[in-house]
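Novice: According to the working numbering, the stretch in the sequence shown is residues 213 to 578, in order.
These aren't lab readings, by the way, just hints derived from the structure by calculation. Note that this is a predicted model, so its numbers are computed, not measured. Heads up, the beta-carbon is just placed ideally off N, CA and C, and yes, glycines get one too. Keep in mind that the hints are not guaranteed to be accurate.
Estimated spans, in silico, between C-beta atoms of each pair [as the list claims (entries may be wrong)]:
hint : residue 1 : residue 2 : range
1    : Ala393    : Gly231    : 20 to 28 Å
2    : Ala393    : Arg298    : 50 to 58 Å
3    : Asp529    : Thr497    : 20 to 28 Å
4    : Gln493    : Glu550    : 38 to 46 Å
5    : Leu399    : Lys288    : 44 to 52 Å
6    : Tyr292    : Ala402    : 52 to 60 Å
7    : Lys288    : Leu241    : 15 to 23 Å
8    : Val394    : Arg274    : 35 to 43 Å
9    : Ile401    : Pro261    : 51 to 59 Å
10   : Val394    : Lys288    : 37 to 45 Å
11   : Asp529    : Leu480    : 35 to 43 Å
12   : Gln493    : Ala547    : 51 to 59 Å
13   : Asp529    : Ser483    : 17 to 25 Å
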Amino acid sequence: MARQTAFGDILRDARKRKGMDLSTAARRLRIRPDILRAIEESDFARMPPRGYTTNMVNAYARLVGLNATEVGRLYKEQAYAFEVGRVRDDARPEEPLGRSSRTARGGRPRSERPREERPPRHNAFGRALYDDRTDERGRTYATDRVHPSRHGSMPRPQYTNLYAPPKVSSGGSRLPLVIGAVVIVVLLIAVLFLTFCNRAPAQQEVPQVPITGLTDTSNQPASGGGSGAGADAQGGTTAATPPAVAPTSAKFSYEVKEGEKAYIEVYLDGSSGADVAETVQGPATKDYNVTGTLRFVTSNPDGVTLTLDGEEVEPTDSRGNGVYTYTVDFPAILAAWEEEHAPADTGGDGEGASGAASGSGEGTAD
Numbered sequence: 213m214a215r216q217t218a219f220g221d222i223l224r225d226a227r228k229r230k231g232m233d234l235s236t237a238a239r240r241l242r243i244r245p246d247i248l249r250a251i252e253e254s255d256f257a258r259m260p261p262r263g264y265t266t267n268m269v270n271a272y273a274r275l276v277g278l279n280a281t282e283v284g285r286l287y288k289e290q291a292y293a294f295e296v297g298r299v300r301d302d303a304r305p306e307e308p309l310g311r312s313s314r315t316a317r318g319g320r321p322r323s324e325r326p327r328e329e330r331p332p333r334h335n336a337f338g339r340a341l342y343d344d345r346t347d348e349r350g351r352t353y354a355t356d357r358v359h360p361s362r363h364g365s366m367p368r369p370q371y372t373n374l375y376a377p378p379k380v381s382s383g384g385s386r387l388p389l390v391i392g393a394v395v396i397v398v399l400l401i402a403v404l405f406l407t408f409c410n411r412a413p414a415q416q417e418v419p420q421v422p423i424t425g426l427t428d429t430s431n432q433p434a435s436g437g438g439s440g441a442g443a444d445a446q447g448g449t450t451a452a453t454p455p456a457v458a459p460t461s462a463k464f465s466y467e468v469k470e471g472e473k474a475y476i477e478v479y480l481d482g483s484s485g486a487d488v489a490e491t492v493q494g495p496a497t498k499d500y501n502v503t504g505t506l507r508f509v510t511s512n513p514d515g516v517t518l519t520l521d522g523e524e525v526e527p528t529d530s531r532g533n534g535v536y537t538y539t540v541d542f543p544a545i546l547a548a549w550e551e552e553h554a555p556a557d558t559g560g561d562g563e564g565a566s567g568a569a570s571g572s573g574e575g576t577a578d
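Kindly produce the complete structure, drawing on both the sequences and the hints.
Specialist: Structure (structure tokens):
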């Protein structure tokens with residue numbers, strides 16, 4: 213039967229291929245050199261407990277470029293085989309010399325070496341190295357020793373791809389992807405179903421098919437009724453117009469143009485003395501809200517612009533002495549407005565009201 217390759221030999225060969233010595237590997241891994249030597253020699257008696265050694269073996273395998281999972285598995289199986297063999301050796305009863313089972317079966321007698329206490333080892337700094345076990349030379353692990361019961365329960369695997377990365381189970385990794393894809397498909401179907409079901413069936417256009425002998429008058433506008441309704445609507449709009457409100461004052465304004473100079477006098481409510489008498493330099497503007505009468509006097513009509521309720525008016529020189537005046541009579545304006553907006557019974561009354569307003573305007577300009 214071929215001997216199984218020890219994991220320590222695999223690590224040592226890989227380290228040598230990397231061109232590293234034992235001290236360099238120990239310094240990079242921060243592991244004592246004596247422990248690394250015990251690992252390379254597969255000396256389980258000198259190794260730390262299995263948990264620590266497992267981490268060290270994995271780190272060592274990654275350092276030298278091996279598959280840490282496979283090397284770690286190989287270490288665990290060989291360590292387990294070593295422990296099982298040691299326990300069975302300890303449990304085997306003592307036999308008289310020369311009468312062992314191997315001798316009876318024709319095999320060679322088993323030689324046992326007495327235990328020896330290994331002398332303590334020290335490093336370069338004088339510190340004691342890790343070694344708290346006794347030397348059991350007679351119980352070291354031998355791969356060529358055959359135990360029938362052991363080989364029946366422990367198959368001997370062949371490690372042919374120690375440099376390959378560990379294989380990941382494809383079923384477990386694909387399960388979340390499959391679940392996510394199913395959820396996305398279900399959501400998409402639900403969205404499409406809600407979108408098409410919410411459309412109103414009334415949106416579909418129904419073609420109109422004419423029937424012989426029948427006249428469709430539903431879409432034809434009624435000529436007489438429509439005209440009457442339009443007239444009623446227009447009449448309602450005219451009736452809804454708010455009534456006109458009589459003015460409470462007249463707004464009179466004068467503006468002296470830019471670069472012009474004019475002498476101005478203003479007489480309010482028929483006063484004999486001028487309320488304003490001054491020479492105004494343009495540009496200048498002033499407004500008056502007239503509720504009685506106002507008389508405006510100026511000597512430069514070309515440089516002054518007069519407005520009454522937003523409409524431009526012209527002063528007149530009634531005496532021919534170069535003095536231009538314009539008079540605002542609000543009571544006369546109010547009377548003309550009332551006459552214009554009074555309800556008219558006949559056309560003749562309307563013409564009379566227009567003639568009265570025109571005559572009032574001429575009197576105001578004097």
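Novice: Work down the list of hints and note, for each, if the structure agrees.
Specialist: Hints, verified against the model:
The beta-carbon spacing between Ala393 and Gly231, approximately 49 Å, falls outside the hinted interval of 20 to 28 Å. Distance hint check: the CB atoms of Ala393 and Arg298 are about 53 Å apart, consistent with the given range 50 to 58 Å. Between Asp529 and Thr497 the CB atoms are about 23 Å apart, so this pair conforms to the stated range of 20 to 28 Å. Separated by about 41 Å at the C-beta atoms, Gln493 and Glu550 satisfy the suggested range of 38 to 46 Å.
Leu399 and Lys288 have their C-beta atoms about 46 Å apart, which keeps the hinted 44 to 52 Å range intact. Between Tyr292 and Ala402 the beta carbons are some 55 Å apart, a value that agrees with the proposed interval 52 to 60 Å. Take Lys288 and Leu241: their Cβ atoms lie about 19 Å apart, and the range 15 to 23 Å holds. Between Val394 and Arg274 the CB atoms are about 38 Å apart, so this pair conforms to the stated range of 35 to 43 Å.
Here the CB-CB span from Ile401 to Pro261 is close to 57 Å, well matched to the stated 51 to 59 Å. For Val394 paired with Lys288, a C-beta distance near 39 Å keeps the hint of 37 to 45 Å intact. Distance hint check: the CB atoms of Asp529 and Leu480 are about 22 Å apart, inconsistent with the given range 35 to 43 Å. Between Gln493 and Ala547 the CB atoms are about 38 Å apart, so this pair departs from the stated range of 51 to 59 Å.
At about 22 Å, the CB distance of Asp529 to Ser483 agrees with the hint of 17 to 25 Å.
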